[in-house]
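Visitor: Here's the letter readout for the chains.
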Amino acid sequence: MALGIASVHLAKTLRSSTFKLALIAIGIFGAIVLTLFSYVYLSTAYYVRGRSDSALTAEQAILQRTYDRAGRGGLIAIIQQRISDEHFQNSLYLLADPSYSFIAGNLKVWPSDLGGSEGWQNFHVQGWKADAAHQPMLRAALKTLSNGDHLLVGKDIDDLDAFTGKIKAAFIFVIALIFLLAGVASVLVTRRTVGRIEAINTTSRAIMQSGLDKRIPLRGTNDEWDRVAENLNSMLDCIETLMREVKQVTDNVAHDLRTPLARMRGRLEKAYHCRRDSEEDQALIGDTIANLDGVLRIFSSITRIAQIEAKAQRVAFRTVNIAEITRETVELYDAAAEEKGTHLSFVGDQRVCVTGDRDLIFDAVANLVDNAIKHGRAGGHVTVEVVESSDGDAIISVADDGPGIPAAEHLNVFKRFYRLERSRRTAGNGLGLSLVAAVARLHGAHIEMLDNLPGLKLRLVFPPNLVSLSQTVMQATNGGQQITKI
Amino acid sequence: MIAGHRHILVVEDDQETAGQLVESLTTNGYQVNVAVNGSDALSLGLSADYAVITIDRMLPDIDGIEVMRSLRERGIVTPVLIISALGEIDDRVRGLRAGGDDYLTKPFSFVELLARVEALARRSDTVIKETVLRVGDLELDLVSRTASRRGRDISLLPREFQLLEYLVRNEGRVVSRAMLLQHVWDLHFDPTTNIIDVYVGRVRRKVDDKQAYPLIHTVRGVGYCLRAPS
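Chains A and B, in that order, give the protein sequences.
Numbering-wise, the first sequence is residues 0 to 485 according to numbering that gives the first Met the number 0.
Numbering-wise, the second sequence is residues 0 to 229 according to numbering that gives the first Met the number 0.
This is chain A alone, in the form it adopts within the complex (with noise of 0.2 Å):
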């Protein structure tokens, strides 16, 4: 079982793109090293022979010059003393007659394979040394005399061999020790990698087949596995949250769209099981055609804030002047607000533009104004104010002197279908915020909710338009000046 485990996940680690990638840079990495350490050798070996050579060559021009001078005899003498000296002990030197017979050195018998032959030789002789337990590498430089005499003067190049050898040894040691460890880690970090892989398909696994809850475990390293570990959490998380809410506004839904049509089912049973009385049928059907639009106009708002939400309508993008789309909404709820005996005023510039949708800005503007009446106090004031601030960003606050809302609640009337309890009973559908949220959220915008003491200050804070701030970064490049906030 274990085996079998180990083997699925070495199978694993060889089929990895990482492991493919790691021995892609082992063999290049390899290639490399082979050619430098082959480049070093063949120099070492090369440099060392030459030395070898370059003695030997020198040595037979001192042979040469003393038979030049004091003839076969002054030869003899030298050779004799290079044989006695400690120094040349290593050093070969053969005088033979040209019979190749021996006349003089530390080789008793010309070698056979050399025979006729003048110049750079490498041999072998028979026990020209007594311990030696192998026939060591001879080398040496041939060359006939004047008096047709041979004269052989060599080296024991078997050190030399052992020496180059050597550094072969180490260098073939050493290729193999970079190519064992280099497989090794390759594979470990292959593992490794596979192995994170594997937990975040293994959690991805899971996530399809059982649910949202499941997360992928991090290791603490805080390395960019973590990272991406924990990003792919937060999505999770989001994601979550989304499903969450999607589910809780379908309940809503259901909840608000359930009620009037079993009332308008409940009612039209009853008029079904009656007689026919033509004036209460016309009332009946003109309250049911009332409450279908009712619930036709809850589904429009909420396909409506989806389609705002997708960022299906930036296309109609254009500068529009918020000021006037606020004052013509505050005077289109002069009516309702006279109706409740409220004062509605509209104070601040004249002119504040912003990159936008009028529409949605408009319904936007309208959802706050006619929040801020309903929920404000009857009789009670509600101030709209237009101002563009110094830094740039174009405000417009809707203010009542209601009872507000508890901080608590800040985040949740944001919500589809929230309402507070207190509002159960008033009119509305608890999808007015959320499209003014959808709005704000398409524009870049973002609200703010204060406390009025007493009431509800609601803020639509945008940030300075894409236009004026094109023109601005084009002024601070022509004239060197630094923008602080964009």
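It should be emphasised that the hints constitute simulated quantities derived from the structure, not laboratory data.
Note that the structure is a prediction, hence the values are computed from the model and not measured.
All residues carry an ideal CB built from backbone N, CA and C; glycine is no exception.
Treat the hints loosely; a few may be bogus.
What the hints assert, rightly or not - Some chain A residues flagged as far from chain B (calculated, every beta-carbon gap over 12 Å):
no. : residue
1   : Leu-33
2   : Val-39
3   : Ser-53
4   : Glu-58
5   : Leu-141
6   : Asp-157
7   : Lys-165
8   : Glu-223
9   : Asp-286
10  : Glu-338
11  : Lys-373
Said to hold, decoys possible - These stretches of chain A come out as covered by chain B in the derived footprint (C-beta under 8 Å, 3 or more residues):
no. : region
12  : 289-302
13  : 353-363
Since the structure of chain A is already known, use the hints to place chain B on it.
Guide: Here is chain B on its own, set in the frame of chain A:
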């Protein structure tokens, strides 16, 4: 366009809706042809001269907007009423504003449909040169932007005057809330509150209070109608 020309082409693939449309249009004195898909619509639209064409956005073969564009490319200038079930008016439909055509979202009331078809059919003949509009004892001076009944001035805000003017210009015809929002405020969405009713309510008080007879009438479930007693 021939005066009194009341021939309508309805492009609608849903049988029941098409039947209802034909019924309510014929009851109101229109002759109706029905096309159930885009290609039928094109061949019919090219072969006959209609007063108004109503086109559903979602057709089995060609998008309603494309049908309209092809008709326009071939020189057909008949006003087109686009009917969309896509919840919200999208930008392409909104783009029609400039072209002078109209749109309506499903579901709609037949009264509203009739009102819009009527308005489109009339469009080319209504070049109003008057500077004063009169309905019953109501007088609207379009130059000084003032209104009066039986010689007594009614004080109206500019927007209120605009609303009254729109109602007067559509005298005797039903005007829906969405039409008011569209023509008086240039807003293209269905209001989610009763704000239009409240606004019209105030105009109505100013116009009808303490008068011999009311001019502005509520049409249940649809909107308003301005008419003098016959």
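Visitor: Hints first: check each against the structure and report whether it holds.
Guide: Hints and how they fare:
Remark: the non-interface label on Leu-33 of chain A is consistent with the geometry, its nearest Cβ contact in chain B lying 67 Å away (cut-off 12 Å). Chain B leaves Val-39 of chain A outside its interface by the beta-carbon criterion, the shortest separation being 73 Å against a cut-off of 12 Å. Every CB of chain B is more than 12 Å from the CB of Ser-53 of chain A (nearest about 92 Å), matching its label as outside the interface. Residue placement check: Glu-58 of chain A keeps its beta carbon more than 12 Å from all beta carbons of chain B (closest about 102 Å).
For Leu-141 of chain A, the shortest C-beta to C-beta distance to chain B comes to about 102 Å, beyond the 12 Å cut-off, and the non-interface label holds. The Cβ of Asp-157 of chain A sits about 94 Å from the closest Cβ of chain B, beyond the 12 Å cut-off, so the non-interface label holds. For Lys-165 of chain A, the condition that its CB be more than 12 Å from all CB atoms of chain B holds, with the nearest at approximately 83 Å. Once the 12 Å rule is applied to beta carbons, Glu-223 of chain A is consistent with being away from chain B; the minimum gap is 43 Å.
Its closest Cβ contact with chain B, about 10 Å, brings Asp-286 of chain A to no more than 12 Å, contrary to its assignment away from the interface. With a minimum CB-CB distance of about 6 Å to chain B, Glu-338 of chain A fails to clear the 12 Å threshold, and the non-interface call is violated. With a least CB separation of 9 Å from chain B, Lys-373 of chain A falls inside the 12 Å interface cut-off, contrary to its annotation. Check on the region 289-302 of chain A: 8 of its residues sit with their Cβ under 8 Å from a Cβ of chain B, so the three-residue criterion for coverage holds.
A count of 4 residues in the region 353-363 of chain A with a Cβ less than 8 Å from any Cβ of chain B is obtained; the coverage claim is therefore met, three being the minimum.
The earlier numbered hints that this structure contradicts are 9, 10 and 11.
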